[in-house]
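Sequential numbering of the sequence shown, starting at 1, is according to full-length UniProt numbering.
Calculated directly from the structure, the hints in this document are not laboratory data. Fair warning: this is a prediction, and the values are worked out from it, not measured in the lab. Where hints are given, some of them may not hold.
[What the hints assert, rightly or not] Only pairs whose alpha carbons sit at most 20 Å apart, straight line, appear in this in silico DMTMM-like list of lysine to aspartate or glutamate:
| no. | residue 1 | residue 2 |
| --- | --- | --- |
| 1 | Lys64 | Glu349 |
| 2 | Lys64 | Asp302 |
| 3 | Lys471 | Asp483 |
| 4 | Lys603 | Glu349 |
| 5 | Lys148 | Asp302 |
| 6 | Lys64 | Glu226 |
| 7 | Lys17 | Glu488 |
| 8 | Lys603 | Asp142 |
| 9 | Lys220 | Glu488 |
| 10 | Lys603 | Glu65 |
| 11 | Lys150 | Asp302 |
| 12 | Lys574 | Glu65 |
| 13 | Lys603 | Glu25 |
| 14 | Lys17 | Glu349 |
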Amino acid sequence: MARWLPRSTDLTRFCQKLNRVKTLEDNMMETSFNRCLSTVDLTLLGIGGMVGSGLYVLTGTVAKEIAGPAVIVSFIIAGFASLLAALCYAEFGARVPKTGSAYMFTYVSVGEIWAFLIGWNVLLEYMIGGAAVARAWSGYLDSIFNHKIKNFTETHVGAWQVPFLARYPDFLAAAILLVATAFISFGARVSSWLNHAFSAVSMGVILFILIMGFVLAQPKNWSTQEGGFAPYGLSGIMAGTATCFYAFVGFDVIAASSEEARNPQRAVPRAIAFSLGLATGAYILVSVVLTLMVPWHTLDPDSALADAFYRRGYAWAGFLVAAGSICAMNTVLLSNLFSLPRIVYAMAEDGLFFQVFSRVHPRTQVPVVGIVVFGLLMALLALVFDLEALVQFLSIGTLLAYTFVAASIIVLRFQQQKGAVPAPAASAQPHPEPREGPSGGELKEYESFSDKLQLVDRDKSKEQREPGQLKAAFEPYLEFLSDFYPGEVVTVAVVTLMVSAICLCSILVFGNTHLYLPTWSYSLLLVLFSLGFLLSLLLIWAHEQQHSTQTFQIPLVPLSPALSIILNIYLMLKLSYMTWLRFAVWLLLGLLVYFGYGIWHSKENLREPQPRRVSARYVVFPSGSLEERLQAVQPGSQPASGLPDTNTDDCKR
Numbered sequence: 001m002a003r004w005l006p007r008s009t010d011l012t013r014f015c016q017k018l019n020r021v022k023t024l025e026d027n028m029m030e031t032s033f034n035r036c037l038s039t040v041d042l043t044l045l046g047i048g049g050m051v052g053s054g055l056y057v058l059t060g061t062v063a064k065e066i067a068g069p070a071v072i073v074s075f076i077i078a079g080f081a082s083l084l085a086a087l088c089y090a091e092f093g094a095r096v097p098k099t100g101s102a103y104m105f106t107y108v109s110v111g112e113i114w115a116f117l118i119g120w121n122v123l124l125e126y127m128i129g130g131a132a133v134a135r136a137w138s139g140y141l142d143s144i145f146n147h148k149i150k151n152f153t154e155t156h157v158g159a160w161q162v163p164f165l166a167r168y169p170d171f172l173a174a175a176i177l178l179v180a181t182a183f184i185s186f187g188a189r190v191s192s193w194l195n196h197a198f199s200a201v202s203m204g205v206i207l208f209i210l211i212m213g214f215v216l217a218q219p220k221n222w223s224t225q226e227g228g229f230a231p232y233g234l235s236g237i238m239a240g241t242a243t244c245f246y247a248f249v250g251f252d253v254i255a256a257s258s259e260e261a262r263n264p265q266r267a268v269p270r271a272i273a274f275s276l277g278l279a280t281g282a283y284i285l286v287s288v289v290l291t292l293m294v295p296w297h298t299l300d301p302d303s304a305l306a307d308a309f310y311r312r313g314y315a316w317a318g319f320l321v322a323a324g325s326i327c328a329m330n331t332v333l334l335s336n337l338f339s340l341p342r343i344v345y346a347m348a349e350d351g352l353f354f355q356v357f358s359r360v361h362p363r364t365q366v367p368v369v370g371i372v373v374f375g376l377l378m379a380l381l382a383l384v385f386d387l388e389a390l391v392q393f394l395s396i397g398t399l400l401a402y403t404f405v406a407a408s409i410i411v412l413r414f415q416q417q418k419g420a421v422p423a424p425a426a427s428a429q430p431h432p433e434p435r436e437g438p439s440g441g442e443l444k445e446y447e448s449f450s451d452k453l454q455l456v457d458r459d460k461s462k463e464q465r466e467p468g469q470l471k472a473a474f475e476p477y478l479e480f481l482s483d484f485y486p487g488e489v490v491t492v493a494v495v496t497l498m499v500s501a502i503c504l505c506s507i508l509v510f511g512n513t514h515l516y517l518p519t520w521s522y523s524l525l526l527v528l529f530s531l532g533f534l535l536s537l538l539l540i541w542a543h544e545q546q547h548s549t550q551t552f553q554i555p556l557v558p559l560s561p562a563l564s565i566i567l568n569i570y571l572m573l574k575l576s577y578m579t580w581l582r583f584a585v586w587l588l589l590g591l592l593v594y595f596g597y598g599i600w601h602s603k604e605n606l607r608e609p610q611p612r613r614v615s616a617r618y619v620v621f622p623s624g625s626l627e628e629r630l631q632a633v634q635p636g637s638q639p640a641s642g643l644p645d646t647n648t649d650d651c652k653r
């Protein structure tokens with residue numbers, strides 16, 4: 001029975017396969033894509049991904065049902081929380097200017113299976129997101145024409161009453177996705193121009209809304225007579241923050257486009273900062289004018305802005321708002337269709353996904369197969385499926401990607417740079433010629449014992465510690481950690497930090513509602529897991545990290561990524577159990593794809609040296625001496641050089 005059990009060496013090799021990291025090329029600027037995008041292009045792509053229908057719908061919904069006028073504070077907090085994740089993406093996009101976004105960042109620092117699962121979730125996130133926006137676009141346009149499109153379809157095609165399917169086929173949503181797919185396949189330059197046009201109209205409409213809104217503002221709408229500024233209190237503000245957070249998830253399109261940027265080291269961090277700042281400002285200012293134009297409790301959640309102008313006597317402004325909303329949704333569609341095929345391309349290029357998706361058109365220099373295939377799948381989703389039940393799935397995929405990217409920043413920052421050899425510290429004074437000691441080291445001669453003590457002190461002060469090593473100030477207190485390889489302790493500490501964050505957030509979310517913990521145990525567990533989180537953070541901080549001035553680096557590492565990790569985990573645990581159930585099913589499908597295809601076709605698998613069988617060979621020489629030699633015995637291999645050929649007394653052990 002025991003012979004059927006896997007050996008420890010096989011299990012170790014299998015775990016190493018799962019956690020192997022991607023080997024980056026020496027020149028990461030080489031690419032089969034067209035590096036044609038400037039900082040302005042990337043910024044507008046990011047704005048297009050963030051400022052979509054949420055500006056026209058989400059602001060009114062959160063203001064009326066969740067936070068009241070304090071939706072402004074919710075957007076400020078959500079913008080800061082998104083900034084933590086965005087800075088992590090900015091550092092990776094500058095250091096690793098390759099397409100793939102969160103998938104690529106996880107692959108180069110954490111491991112292969114984690115990167116595949118992140119990429120697998122991002123695929124579904126983009127497909128559902130694009131299809132949902134297309135249906136919202138169709139519904140918004142249909143509402144302008146008094147739902148004539150919907151009535152015509154139900155009359156002539158029919159309505160369905162099937163679970164998970166839409167009430168009627170949305171041909172308009174599928175058509176807009178096919179048209180957008182055609183434009184995206186023409187190349188990055190055409191996609192960028194189209195995004196510029198829609199973004200210009202959208203920003204013009206937003207500017208009109210702000211100017212007219214401040215002209216029509218009435219401060220009394222924030223007074224206590226109308227319920228006050230924060231009618232739902234702090235709990236309403238934080239609940240609004242959790243909802244508003246998802247308005248900023250589109251900035252990762254910039255990181256996905258870094259392989260097509262002219263100067264990614266500068267353009268990617270700047271574009272992420274500019275786009276996130278402008279998007280946050282737009283959401284905050286629109287929330288201000290919306291809640292000042294009309295009382296917050298009278299807002300129409302479905303069309304808050306258009307309804308607010310209509311009630312103030314400017315019905316014609318509703319058409320401008322509708323035009324801006326449609327243009328904003330078009331930019332989100334382009335953002336989804338632009339990012340999705342590039343992430344698929346990165347996975348296929350690494351061998352983890354089917355190779356057909358790694359083909360780049362020689363003329364347009366885009367992954368045209370991925371664009372067409374996933375554009376058709378997105379159109380099919382929008383045509384027949386009921387996406388309302390799946391929209392929450394977008395949140396868990398995004399938050400999981402943010403969490404792994406933040407953890408990857410910590411791991412990568414405390415790793416040794418590839419190919420870096422620490423320079424030995426030069427001595428300040430000339431010394432006598434060293435002589436070699438018995439152990440192969442150098443022995444130096446000095447005149448007195450005091451000279452030796454001075455040399456030791458000088459060498460310690462000049463010692464250049466590598467990233468991942470314990471800082472000199474902590475060595476007397478944590479000397480037992482000095483025996484580990486650089487970065488090893490940090491990796492264990494990051495895992496401990498994430499486990500502590502999961503436990504801490506679980507107690508915060510479920511401690512009183514689902515677990516019904518008594519007060520003493522609730523408080524005790526909070527203190528224990530908080531201490532675990534803080535101790536892990538301090539242990540990471542006690543090690544040296546990389547300091548580079550060549551590319552952008554997120555400040556306050558490891559604190560900033562750690563805050564992002566705990567915030568993302570908290571928001572994930574706030575999602576419904578059905579979302580987690582669907583997420584588990586999708587993960588199982590992903591694992592089937594990985595173990596059935598990806599692990600065997602991975603390019604890193606091809607780079608690994610093949611195991612060699614080693615045996616001992618005893619050879620009797622004519623002098624009568626017996627010599628043992630170790631050699632690798634390959635099938636059909638020739639005798640090793642220097643050994644006599646056949647006709648010698650040769651036995652293998």
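Hints and how they fare:
A threshold of 20 Å between alpha carbons decides the hint, and for Lys64 with Glu349 the separation of about 47 Å lies outside it, so the pair is violated. Straight-line distance between C-alpha atoms of Lys64 and Asp302 comes to about 11 Å, which keeps the hinted pair within the 20 Å bound. Between Lys471 and Asp483 the alpha-carbon distance is near 13 Å, which keeps this suggested pair within the 20 Å criterion. Between the alpha carbons of Lys603 and Glu349 the distance comes to roughly 8 Å, so the proposed pair stays at or under 20 Å and holds.
Our distance criterion of 20 Å between C-alpha atoms is met by Lys148 and Asp302, whose separation comes to about 18 Å. At most 20 Å may separate the alpha-carbon atoms for a hinted pair to count; Lys64 and Glu226 meet this at roughly 12 Å. The suggested pairing of Lys17 with Glu488 holds, with an alpha-carbon distance near 18 Å, which does not exceed 20 Å. A distance of roughly 48 Å separates the Cα atoms of Lys603 and Asp142; the hinted pair therefore is violated under the 20 Å criterion.
With a CA separation close to 59 Å, the supplied pair Lys220 and Glu488 exceeds the 20 Å bound. A threshold of 20 Å between alpha carbons decides the hint, and for Lys603 with Glu65 the separation of about 51 Å lies outside it, so the pair is violated. With a C-alpha separation of about 17 Å, the suggested pairing of Lys150 with Asp302 holds against the 20 Å cut-off. For the proposed pair Lys574 and Glu65, the alpha carbon gap of about 18 Å is at most 20 Å, so the pair holds.
Proximity of Lys603 to Glu25 is assessed by CA-CA distance (about 13 Å); at most 20 Å being required, the pair is judged to hold. Restraint check: the Cα-Cα separation between Lys17 and Glu349 comes to about 18 Å, which is no more than 20 Å; the hinted pair holds.
The earlier numbered hints that this structure contradicts are 1, 8, 9, 10.
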